[in-house]
Structures are given as structure tokens and as C-alpha cells.
Amino acid sequence: MSTRSAEAESREGSPDRDGSPGAKRASKKRKVLSCYACRNRKMKCDRVYPICSRCQKTGRADQCTYDPRLLDDLTNSNGLHADGHNADFAGVENGTQEHAGVPTSLDALQWKSRAQERRIEELERRLASKEHDSDPSRYKGYQPTEPDQKEEMMFRGKGFKTQFHGSTSVMSTIAQYRELQAFTREALSVDHSIMRVRIDFKTFRDRRKAALKEIGARTHGTDEEVFAALPERNVVDLQAALYFRTCETTYRILHEPSFWKEYHTFWDGRPSGAAQPGFAVILILLVACTQCLTPKDDVFLGDTTADRQTASDLIEICDAWIMRQSRKRLTLQFFQLHCLSLLAKRVNCVKLKQDWITSGDLVRLALAAGMHRDPSLLSTGKISAFETEMKKRLWVTVMEFEIQSSIETGLPSSLTALYWDTADPANLPDEAFSTESQEVPASRPADHFTSASYLRFSRSSVPFRLHLMQLLNDPSEKLTYSEVLHYDAQIHEMVAALPKWDDPRALIPSALLELQLRQFLLLMHKSYAKLAPHNDRYLTSFSTCINAAGSIMAIQEELLSKGILLLNHSRNDAIRVGLIMSQIAYHNCARSGPIQAMAPPPPPKGSQFADPQTHFADLPSVKTWAPGVEVSLAIMPQRPFLIRTLCASAIELLELAGQIYESKVMRVGTGYMEFWLLCAAMGMLPPPSSSKPPATSIAHITTASDDIQVRCRKTLDRFQSLSFRVLALQKDQDNSFATSLRTTMASASPSEVRTPSSTGAGAAALRVGPGSNPLANNLSQTALSGMATAHGLEPDLKDMNGTFDNLQDMQVDMGGWNFPDFWAFDLAGEF
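Numbering (UniProt numbering), first residue to last: 1 to 831.
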């Protein structure tokens with residue numbers, strides 16, 4: 001037998017042969033110990049997993065791969081753990097089977113340690129490379145610097161009688177607007193009649209406070225007082241219907257079908273003497289909520305309107321009755337009364353300084369009752385389907401009250417970091433369920449408007465708004481500009497996602513959903529918008545503020561045009577937009593050099609004003625009202641075009657905000673200090689008509705010293721015109737005090753006599769022509785009758801500083817800030 005035939009027979013008898021005739025023996029490939037990259041290049045490999053040293057050094061780490069069979073062998077042995085630790089492949093072929101189950105030697109552990117270190121270095125290198133690739137600053141070669149942002153806040157008073165306002169408060173914007181302080185210093189030095197206005201209105205306020213104190217001493221909150229204060233049924237019918245058309249389309253407090261059922265039962269049972277004092281208080285609070293929500297030219301009782309005075313008296317009686325009730329037995333009516341009382345105060349601008357405390361107390365009452373937890377956690381039968389749904393509605397309503405109050409005061413919300421799992425209220429009309437319902441029907445689609453739609457959509461943005469509010473009011477949190485732009489994009493997406501309802505009842509809830517989101521755009525961007533002239537990067541903030549303010553004012557203007565006053569009275573959008581627009585426009589306008597302070601002119605001949613140095617001896621001198629701040633004349637910038645256009649838009653929005661806020665002052669009869677600030681904020685800026693680039697140089701325009709006087713008189717004229725209207729609309733025209741005030745004010749009315757002709761630009765436009773006396777106009781258009789204003793207090797100059805001191809104790813440089821002192825009668829009372 002030949003050698004070839006013997007080998008063939010040997011192969012045929014080999015166990016690797018599959019037994020089929022003519023089949024070849026399957027060759028078994030050897031395991032490749034080296035990595036494929038080194039093997040292909042025929043280079044020596046140290047066989048370290050996962051990356052050999054040669055691939056590590058040559059930058060081919062991503063190409064370093066091994067035979068998968070080696071990984072299986074190492075997994076089954078001690079060479080590679082289940083968690084993927086590194087190992088040396090050298091010796092796997094020889095030692096895996098022989099030493100199975102034997103602990104790894106010291107050399108093997110060292111190899112594994114070195115391999116792991118290399119792997120960590122490689123991962124760190126890859127991570128650093130990815131961070132560099134994702135860093136946008138690498139294209140510029142530098143990291144943008146963040147401007148130094150100072151904290152905005154107002155902290156005033158002394159001892160324990162202090163008051164604090166955080167960054168989101170309007171008062172903080174006022175406190176940091178030092179240029180406005182300097183301008184008012186000059187405006188107050190132009191004419192002493194403004195001092196008389198201050199004294200007159202302080203006397204009005206003192207008279208009203210004395211009357212309220214007397215009424216409060218007689219009010220005990222008894223059931224008899226409640227029934228005596230309840231208006232006639234025909235009045236309540238109209239006011240209750242108005243309440244459900246306005247307030248109950250947003251905040252849900254009452255269940256309408258249940259209310260009207262109990263309403264008819266209440267009036268039908270009154271002749272028989274059936275007493276329901278709790279429901280009577282609800283009716284009185286409904287009347288108080290809607291007392292000032294009807295557009296009309298109301299008459300005044302001193303410095304406040306008759307409707308607001310009526311609402312304030314009703315609220316006082318209801319609060320006294322509520323305080324007498326025990327808090328041990330919490331019912332649905334208990335929470336409804338507290339919510340209605342808070343809403344009535346906010347709509348009528350009554351006791352606003354206590355609003356944050358009151359809303360926080362209401363949140364704690366809700367927490368103690370477990371409204372923040374899912375009602376289904378209660379045992380079966382402990383709570384009905386009707387009560388479950390009403391708890392959900394009241395919880396969201398209470399949250400919304402407290403969130404907006406925290407924004408207005410700049411103080412932290414008690415909802416921050418609070419856990420709650422109460423489900424969203426069902427998007428259902430009130431008619432879909434009742435007190436007898438065994439279960440609540442399925443919620444309607446989002447595009448279907450119901451009276452609960454606002455609560456459902458507003459609830460979804462509560463965590464986001466709480467987070468933003470905490471960042472803005474926390475001095476330790478410094479928002480970078482990239483973070484501001486990030487939150488800006490989120491807000492715009494949320495606004496774009498708001499539903500567009502066709503239902504006419506959806507006008508107020510749609511407006512409120514948008515307002516409570518867009519207000520954060522102003523709060524975030526205002527500090528950066530002032531820096532636009534120095535860095536084009538912040539032009540985005542300037543335009544964002546203009547867009548946000550324009551949207552807010554457009555919403556308020558549309559509501560006012562339709563006779564809807566709810567949001568204008570219950571929110572401070574107009575004053576916030578006006579002051580922010582003024583501050584941003586001033587910092588983006590061109591400015592002349594400091595203007596010499598004007599000496600106070602002598603009192604008019606024959607007037608009753610004495611020498612100002614003696615008559616107003618207890619007031620701080622004009623020079624000390626804003627020390628260290630010089631008045632600079634703001635002029636519309638010539639370039640760049642975008643900033644000039646944005647400045648003109650800001651001034652137009654400021655004028656619109658002044659008109660909207662003036663309507664609030666004349667309807668509610670409060671907010672005079674804020675209106676004075678808006679007058680000054682408008683007066684210190686150039687008119688928007690001057691947005692076109694002038695043909696002459698700026699230096700030539702600013703040489704006229706009368707320009708600053710024209711602007712100061714424009715400010716005084718605007719505010720004194722409102723003062724004339726208040727005096728003309730007094731309910732008791734025969735009151736001796738009001739008559740003397742009208743006579744005095746008429747002698748110093750804004751006219752051609754008091755406003756001299758000026759050669760400065762825009763003087764003709766700012767001048768009030770003859771025959772435009774607002775007193776005569778209002779007297780001819782308004783029929784006045786009624787009861788007299790309370791007597792008792794005469795003009796007194798003793799307490800010129802009101803509740804607080806001259807703000808010398810503030811941590812920021814607020815020396816001489818005259819507003820809280822000059823208008824202490826208003827700031828210390830209502831704002």
C-alpha cells in the first residue's frame with residue numbers, strides 16, 4: 001500500500017470526518033492570540049485586553065479587537081471576570097485548561113492592573129475629546145464672559161419694623177432705578193404744587209383710615225351683621241352672574257349647579273327665618289369680588305372710589321365672621337370662604353401687603369387637610385366623587401394664588417420642593433357631575449374648553465414656574481446668559497403649545513395662561529437688555545423684552561376694550577412693563593452730560609405757599625433726595641438702527657402701560673405712588689416720534705437747558721391732571737375740604753401760564769393748551785351726588801415719612817430715595 005493511500009485511510013478514520021463519502025476533514029483554526037490590528041500589520045503584540053500597548057501608542061485604539069473565542073475562554077476561567085475586567089491573553093492557550101480553577105498569579109494580576117489603567121486613560125482621552133467637540137466656544141477661541149449682575153431687592157425700615165422685596169417684585173425694580181430718582185428730584189424742584197397734592201392725598205388717606213378704624217371697632221363678625229350687610233336679591237343676582245362669567249372661568253372655587261340650587265333655597269327660606277350665615281358670607285364675597293369689575297366713571301370718597309370703599313367694608317365684615325369660625329371642622333365651604341376672601345382683596349387691591357402671608361396660610365390649611373395628596377389614598381367610602389374633584393380644583397387654585405403672590409413680593413413660595421401627587425382636575429363642565437354622582441365622567445379633550453380648562457393647563461407648568469421663581473429670587477443662584485436663553489426657549493415652546501379655544505368664555509383663561517408665562521421673559525432678560533449698547537450679544541434680550549411687553553400690553557388692552565377689568569385689577573403687569581421698558585430704554589438711549597440742578601422757583605405771587613425752606617422744613621432737602629446721582633438727558637440714539645427702533649417701541653409701550661394703569665387707578669382709587677413713578681418714567685424719556693435720526697448733532701440738541709424743564713413739567717402735568725379728576729369726582733361736592741382743595745389746585749393747574757414756552761425740541765407737543773382744564777371737563781361730564789366724606793382730620797405735616805424712615809438703613813445705596821417717604825401714604829398702605 002502506498003504512502004498516499006495510507007494517509008487517505010487515516011483521514012477517513014479521523015473523528016473530524018463527517019462520515020459522508022468523499023467528504024474532507026474539517027480543519028480546526030488556531031485561536032489568534034494577537035489583536036487583529038497587529039496581526040494584519042505583522043507587528044509584535046503584547047496581547048493585553050482590551051487594548052494592546054502598540055495600538056494604544058499608535059492611536060489605533062478603536063481598531064484593537066481580538067478573537068471572540070479568547071473572550072469566551074477567559075470568561076469561563078479566572079482570567080476575565082463577568083464584569084469585564086482586563087486580562088492578559090498570553091498563556092491562555094497553554095494555561096487555561098491546565099490551571100482551571102487555580103487563582104490568578106501575581107504576574108497576571110499586574111498585567112490586569114496595567115491593562116485597566118490603560119483603558120481608563122483611553123476613556124478619559126475620548127471623553128475630553130468629546131467635550132471639546134461639543135463646546136461651542138472652540139469656534140471662537142474664548143469663553144464668553146458673564147456680566148456682573150447685582151442683586152435687585154428692596155429692604156427698608158428699622159429694627160423689627162422692616163419690609164423686604166425680592167428680585168421679582170416691582171418694588172425691587174424701583175429701588176434699583178437710580179436714574180429715575182435723580183429725575184424726580186429735578187421734577188419736584190420745578191413746582192411746589194406737587195407738595196400740596198401729597199399733603200391733600202395724605203389727608204384723604206388719614207380720614208379714610210380713621211373711618212375704617214371706627215368701623216372695625218364696631219364690627220364683631222356676628223350673624224346679624226352678615227345678614228344686615230347682604231345686599232338686595234336683585235343686586236346679588238347681577239353680581240353673582242358676573243362673577244361666574246369672569247372669575248370662575250379661571251380660578252375654580254364654586255360648583256355652579258350646586259351654588260344656584262343652594263342660592264334659590266337660601267332666598268326662598270329667608271322669609272321663614274331659616275339662617276344660613278355661611279352661604280350669606282359667600283354671597284357677600286361674590287358682591288365684593290365684582291364690585292369694581294364693571295367699567296364706569298365712579299365717584300370718589302376721598303382718595304378711593306365709592307365701589308372700592310363698599311367692597312372693603314364688605315370684606316371687613318366677612319373676615320371678622322370667618323375668624324370667629326372654628327378651624328377644627330374643615331368643610332368645602334370653609335376653603336371656599338378663604339379663597340373668595342383672598343380673591344376679593346386682590347381684585348379690589350385691599351390689604352395687598354398681607355397677600356403673601358394670607359395665601360401662604362391658605363396653602364398650609366390645604367396641606368393640613370391633605371389636598372396635596374391623591375384623594376384616592378383615602379379608604380373607600382371616606383370621600384365622594386364630587387368631593388374628590390372639588391379637592392383637585394381647590395388645590396390648583398390655592399397653588400396659583402400663592403405662586404403669583406410670591407412673584408409680586410419676590411419672596412419664596414412654600415410650594416418649592418414640596419411633594420404632591422394630586423391628579424389634574426378633569427376637563428369637565430360643572431354640569432357633568434353633581435353631589436350625587438357616583439363617579440366623575442371621563443375628561444374632555446384638551447381642545448374642548450370647559451370652566452376647568454385653565455386649571456388643567458396651568459397645573460402642567462407649575463413645577464417650571466416654581467423653579468424659575470426660585471432661581472430669580474435666590475441671591476446665591478446666578479443665571480448665566482446661556483441658561484437664560486435655554487429657559488427662554490422653553491417658555492416660548494410652552495406658549496406656542498397653549499390651546500386656541502374658539503369659545504368666547506375662554507378669553508380670560510387664555511389671557512391668564514399666557515401672562516403668567518410671559519412675565520418670566522421680562523424678569524429674566526431685563527438686566528441683559530440694558531447692556532445691549534455695549535455688546536450686540538444682548539440685543540436678543542432687548543428684542544425679547546419688547547416682544548414680551550408688547551404681548552402683555554396687547555392682552556390687557558384687548559381685555560379692557562371689551563370691558564373686562566379682572567386681570568388689570570388683580571395683577572401688576574402694567575406697572576411692571578412700564579418701569580422695565582423705561583429702564584431699558586434709558587440705558588439704550590444716548591445721553592447728554594450731567595445737567596445742573598435747578599433751584600426751586602419762588603412760590604407764585606399771591607399763593608398760599610410759604611417759603612419752601614420754612615414751610616417744608618421737615619422734608620429732606622432737594623439736594624439730599626438722590627445724592628451722587630446726576631440727571632442726564634436721554635436722547636433717541638442715532639445708530640444702530642435696531643437699537644433706535646427698539647427704543648422707540650419701548651417708549652410707545654411705556655405710554656400704553658401708563659394709560660392702562662391710569663384706568664386702574666381711576667376705577668379702583670389706589671396706586672397713586674405707582675402712577676407717579678410711571679409719569680416720571682415717561683417724562684424722563686424722549687417722545688417716540690423722535691426716533692428718526694436728527695439732522696443735527698446730539699451736542700447741538702442738548703444745549704437747550706429748557707429740555708429737562710419741559711420733561712419735568714410734562715411729568716407734573718400728567719400726575720396733576722389725574723389729581724384734578726379725583727377732586728372733581730368727589731361724591732360730596734359740598735364738602736368744605738374738597739372744595740378748598742379744588743380751589744387751591746385750580747390756581748396751580750397745568751396751563752400755558754405755568755408751563756413757559758421753551759425753545760427745546762418737543763416743547764410744543766408737551767405743552768397743555770388753554771382751556772384744557774381737566775377739572776372743568778370732568779365736572780361737565782359727571783353727575784355727582786351722595787353722602788359726605790368723613791370729617792375729622794386736618795392737613796398735618798407731622799408724619800411726612802409715613803410708616804417707614806428715610807431708607808437710610810437699606811443695604812443697597814438708597815440714600816435719599818424719596819418715593820417711599822414722599823408717597824408713604826400710598827406705599828405703606830396698599831402696595
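Just so you know, not all the hints are guaranteed correct.
Pairwise CB distance ranges, derived in the manner of DEER restraints [as the list claims (entries may be wrong)]: (1) R270 x L377: 38 to 48 angstroms; (2) Q149 x G563: 37 to 47 angstroms; (3) V462 x T145: 32 to 42 angstroms; (4) V462 x L378: 37 to 47 angstroms; (5) A275 x A496: 46 to 56 angstroms; (6) N40 x H467: 49 to 59 angstroms; (7) H467 x I357: 44 to 54 angstroms.
In silico DSS-like links for lysine-lysine, alpha-carbon gap of 27 angstroms or less [what the hints assert, rightly or not]: (8) K351 x K158; (9) K161 x K213; (10) K261 x K213; (11) K296 x K731; (12) K44 x K209; (13) K328 x K382; (14) K161 x K150; (15) K161 x K42; (16) K150 x K130; (17) K382 x K261; (18) K158 x K353; (19) K209 x K296; (20) K57 x K213; (21) K209 x K351; (22) K353 x K150; (23) K351 x K161; (24) K44 x K57; (25) K562 x K213; (26) K562 x K209; (27) K42 x K31; (28) K44 x K31; (29) K478 x K296; (30) K150 x K478; (31) K296 x K261.
Worth flagging that the hints you see were computed from the coordinates, not collected in a lab. Here the structure is a predicted model, which is why all the values come from computation and not from measurement. Note that CB positions come from ideal geometry on N, CA and C, so glycine has one too.
ask   = Given the proposed pairing of K353 with K150, does the C-alpha separation stay at or below 27 angstroms?
value = 25 angstroms, holds
key: Given hint K213 paired with K562 - CA-CA distance at most 27 angstroms   = Status violated; Cα separation ~37 angstroms.
query = When you check the alpha-carbon spacing of K209 and K351, does it fall within 27 angstroms?
reply = Distance of about 13 angstroms is within 27 angstroms: holds.
ask   = Regarding the pair K161 and K213, is the alpha-carbon distance no greater than 27 angstroms?
value = Holds, at about 21 angstroms.
ask   = Under the criterion that the straight-line Cα-Cα distance not exceed 27 angstroms, is the pair K328, K382 satisfied?
value = Holds: K328 and K382 sit about 18 angstroms apart, inside 27 angstroms.
task = Quickly compare the C-alpha distance for K562 and K209 to 27 angstroms and report which way the hint goes.
result = 34 angstroms, violated
request  = Indicate whether the distance between the beta carbons of V462 and L378 respects the range 37 to 47 angstroms.
outcome  = Given about 23 angstroms between the Cβ atoms, the range is violated.
ask   = For the pair supplied as a hint, K351 and K161, is the alpha-carbon distance within the 27 angstroms limit?
value = 17 angstroms, holds
request  = Please work out if K150 and K478 have their alpha carbons no farther apart than 27 angstroms.
outcome  = At roughly 10 angstroms apart (the allowed maximum being 27 angstroms), K478 and K150 satisfy the hint.
message = With the threshold set at 27 angstroms, check whether the alpha-carbon distance from K478 to K296 stays at or below it.
response = 46 angstroms, violated
message = Check the hint pairing K296 with K731 against an upper bound of 27 angstroms on the C-alpha distance.
response = 14 angstroms, holds
request  = For the pair supplied as a hint, K57 and K213, confirm whether the alpha-carbon distance does not exceed 27 angstroms.
outcome  = Violated: K57 and K213 sit about 88 angstroms apart, past 27 angstroms.
In this structure, the hints that do not hold are numbers 4, 7, 10, 12, 15, 16, 20, 25, 26, 29, 31, in rising order.
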